[in-house]
Amino acid sequence: MSVYLLSFVLLSRLSHAFDAVAPVHFGPPSLGFSSSVRSVCKPIPVTLSLCDGIGYRRMWIPNLLGHDTPKEVQQQSAAWLPLVSKLCHRDTRKFLCSLFAPVCLPELSGPVSPCRSLCEAVRDGCVPVMSAFGFPWLEMFNCSRFPSGTELCIPATDQQAGQTEEEVRHEEELRGSVICDACSLAAEGESDIQENFCGSPYALKMRLGSVSRVGVDLQLVPLAQSRILRWE
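So the sequence shown is residues -17 to -1, 1 to 215, counted in mature numbering (1 follows the signal peptide of the UniProt record, and there is no 0).
Hints should not be assumed to be uniformly reliable.
Stated by the list, open to error - Label pairs and their in silico Cβ distance ranges:
| id | residue 1 | residue 2 | range |
| --- | --- | --- | --- |
| 1 | Val23 | Pro111 | 36 to 42 Å |
| 2 | Gln58 | Val23 | 17 to 23 Å |
| 3 | Pro119 | Lys54 | 23 to 29 Å |
Unchecked claim - Computed cross-link-like contacts, EDC-like style, restricted to lysine to aspartate or glutamate with a CA-CA straight-line distance of at most 16 Å:
| id | residue 1 | residue 2 |
| --- | --- | --- |
| 4 | Lys69 | Asp107 |
| 5 | Lys54 | Asp35 |
| 6 | Lys25 | Asp35 |
| 7 | Lys25 | Glu55 |
| 8 | Lys25 | Asp51 |
Worth flagging that the hints you see were computed from the coordinates, not collected in a lab.
Keep in mind that this is a model prediction, so the values were computed, not measured.
A virtual CB, placed ideally from N, CA and C, is assigned to each residue, including glycine.
Hey, can you work out the whole structure from these sequences and the hints?
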């Protein structure tokens, strides 16, 4: 009876933390990342923009990507904010936060991995957008690393459950479009530049002569000498 009661409590806590309800099972996560730092629960910093308002307040350090400090988590996660802003999938933020800031529950002795189905859904929705900007789906997000349903894991959100009106409308517009998802976002390029201009120590200014693809990489050839600006 105590085992069933504990299972019910854990399912309830995970459901409220991620606004999702799905069957989950027990088992330790194993993602291939290791750290010499002892695992502890830490408050999610208010400066961790990626996971602002995610639905829980404490995370495991080291996280599931091997980051040892909240500062390192904040620095590494900032690069993924532009992808979240693209609304390529309703669970992008949930998936990323389950890795960068895995939920800490007192009933468990370690972090909970995202389910493989959650990873695959986000991957399938966001790869076209990432490819349009010359970025591949990274090996550290390899969905085969994550549990397929026989272990405790963070599930995907039910169709249109927990979505804002803007996200629902955006997905409906993309489904009805005659062009690809990534191309339909091209008009947002200028605003992306303005929003993320100060997010990197480097800026590159050039007039493009040609654009080609080499494997999964995008090759840009400038017409003339380009300028690289750097600041601290």
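Quick rundown of the hints versus the structure:
1. In this structure the hint that Val23 and Pro111 lie 36 to 42 Å apart at CB holds, the actual value being about 38 Å.
2. Checked against the hint of 17 to 23 Å, the pair Gln58 and Val23 passes, with Cβ atoms roughly 19 Å apart.
3. For the pair Pro119 and Lys54, the beta carbons lie near 27 Å from each other, so the given range of 23 to 29 Å is met.
4. About 14 Å separates the Cα atoms of Lys69 and Asp107, which keeps this hinted pair within 16 Å; it holds.
5. A threshold of 16 Å between alpha carbons decides the hint, and for Lys54 with Asp35 the separation of about 15 Å falls inside it, so the pair holds.
6. Proposed proximity of Lys25 and Asp35 is supported: the alpha carbons are some 15 Å apart, at most 16 Å.
7. At most 16 Å may separate the alpha-carbon atoms for a hinted pair to count; Lys25 and Glu55 meet this at roughly 13 Å.
8. For the suggested pair Lys25 and Asp51, the alpha carbons sit about 11 Å apart, so the restraint of at most 16 Å is met.
Hint compliance for this structure: every hint is met.
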